[in-house]
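Residue strings, one per chain:
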Amino acid sequence: MLIVMTLGGCGGSDYGPGHAKVSLFSEKRTVTRGSNVLLGVRFDLEPGWHVYWDGQNDTGYPPHVTFELPKGFQAGEILWPVPKRLVSPGNILDHVYEGHVTLLVRITVPTETNPGRIQIKGDASWLACHEVCVPGKQAIEVSLNVAGDALTAQLNKEIEDARALLPLPWDEAARVQHIDASWQDSTLTIKRPGASRMFFFPDTASVPVTDLLHAGDVQGDEITLRPQAMTGQISGILGIETVPDTIYCSFKQTLP
Amino acid sequence: MTRLAPYLLCGAFTMAAFNSSSSAQGQSTPAPAVQTPLQVGAKAPDFELKDLQGKAYKLSQFADKIVVLEWFNPDCPFVKKHHLLTHSMIDTQAFAAKQGVVWLAINSGGPGKQGNGLERNKEAAKEYKMDYPVLLDESGAVGKLYGAKTTPHMFVISKGTVVYEGAIDDRPDTEAPGKTNYVREALMQLSAGKTIDPAQTKPYGCSVKYAS
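Each protein sequence line maps, in turn, to chains Y and A.
Residue numbers for the first sequence follow this note's numbering, beginning at 178 and rising by one.
Residue numbers for the second sequence follow this note's numbering, beginning at 7 and rising by one.
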């Protein structure tokens with residue numbers, strides 16, 4: 178498809194026509210049969226450009242990654258890091274990643290496979306936007322050694338860093354955060370005493386909430402969400418800003 | 007339980023560090039701030055805009071007709087898919103025209119934004135073989151009146167009331183045709199006197215390139 182570039186500064190960049198460079202890397206260089214390993218799909222975005230989170234957005238679409246795996250290998254769901262809100266002219270609300278983002282995918286190594294070197298190939302496609310939107314596509318590849326025996330592998334620090342950017346599981350967050358969620362008159366109020374600001378990013382399984390532009394980012398220790406329908410669930414990522422840091426956790430409430 | 011209204015408080019604070027890219031929330035935007043698109047069942051507000059030949063169109067002049075509004079930006083890759091790759095837009099428009107349906111494209115992109123300007127739109131309308139009006143809404147006033155978020159973003163209006171709002175089809179990407187064309191379905195259901203289902207879908211595409 179012909180893409181007409183209307184902005185200056187697009188040519189001659191290191192990032193290519195899709196305004197992003199994508200690389201695939203592994204948590205471990207060597208894996209054992211019957212184990213699993215995390216792969217990172219890292220998008221390095223041209224400054225000013227963004228790609229989309231996999232949740233509710235007004236525009237765009239999230240990156241799509243497919244893998245060609247050796248026989249018996251299986252890929253899990255993509256794990257999406259916490260995005261940031263982006264409000265554009267006309268009150269258009271999106272949840273995006275800027276700078277760089279690493280999507281994680283867990284690969285299961287079959288018990289029945291020959292030791293040796295394997296290749297994992299894939300294709301990444303995405304929509305990058307900055308004033309204008311441009312679809313991008315790139316082949317990605319990583320090689321791994323499959324070992325017959327158990328071993329202590331050195332873990333890739335970058336995967337560890339990427340894991341730290343995933344939302345915390347709800348149970349884990351609730352245990353330490355004293356979060357209280359309650360329904361009244363078709364509104365869900367989530368309170369976390371001491372919070373200075375709270376966020377909510379709905380995922381695609383969630384019933385849309387009314388006026389997310391304001392309701393999804395509030396000052397104070399309480400966030401009130403009004404679902405647009407009364408069946409299903411409210412789910413996504415809950416952000417809690419406290420001194421000294423902000424935590425993000427997965428959140429899910431079934432509608433009463 | 008006490009019930010605060012956090013979104014009332016919110017407006018009093020400026021966006022802090024986390025939302026560093028938020029430029030739109032300017033305190034000095036008195037323009038009507040429609041966050042959600044005009045709902046199905048709502049009265050379609052009248053507007054007057056000029057097409058690429060300078061001819062003025064008012065929605066109210068089609069009060070007794072079915073009108074389809076297509077939010078348009080000739081350089082958005084989603085729009086290009088529908089106009090150049092799959093032809094779903096002009097195919098659906100041709101289908102609609104046979105039923106006497108009025109079809110208006112509206113470009114709410116601000117000056118200097120992608121796909122803006124009389125010349126660019128004239129060129130694109132010719133290339134895309136659009137033999138229906140492309141209306142320019144540079145101030146974005148009509149786009150905001152309707153809460154248009156994306157290009158494309160479709161509204162079907164019957165007797166002055168919004169009867170369908172959302173996407174053109176069910177394939178939110180820049181590459182492939184959808185399985186179900188919601189606008190075509192809505193027009194067929196409308197002419198058969200049936201309930202429109204779905205009457206609302208999630209529009210997809212580029213953001214409308216509003217000036218502010």
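Errors might be hidden in some of the hints.
As the list claims (entries may be wrong) - In silico PhoX-like links for lysine-lysine, alpha-carbon gap of 25 Å or less:
1) A:165 - Y:314
2) A:165 - A:56
3) Y:261 - A:86
4) Y:314 - A:185
5) Y:429 - A:86
For the record, the hints were derived by calculation from the structure and aren't laboratory data.
A quick note: this is a predicted structure, and the numbers were derived from the prediction, not measured.
Is the straight-line distance between the alpha-carbon of residue 429 (chain Y) and that of residue 86 (chain A) 25 Å or less? Outside the cut-off at roughly 37 Å; violated.
With the threshold set at 25 Å, check whether the alpha-carbon distance from residue 261 (chain Y) to residue 86 (chain A) stays at or below it. Measuring from Cα to Cα gives roughly 28 Å; hence the hint is violated.
Take a quick look at whether residue 165 (chain A) and residue 314 (chain Y) sit within 25 Å of each other, Cα to Cα. Distance of about 44 Å is beyond 25 Å: violated.
What's the verdict on residue 165 (chain A) and residue 56 (chain A), does the C-alpha distance respect the 25 Å limit or exceed it? Roughly 22 Å between the alpha carbons, so the hint for residue 165 (chain A) and residue 56 (chain A) holds.
Are residue 314 (chain Y) and residue 185 (chain A) close enough, with their CA atoms no more than 25 Å apart? holds (23 Å)
Hints 1, 3, 5 from the list above are not met by this structure, while the remaining hints are.
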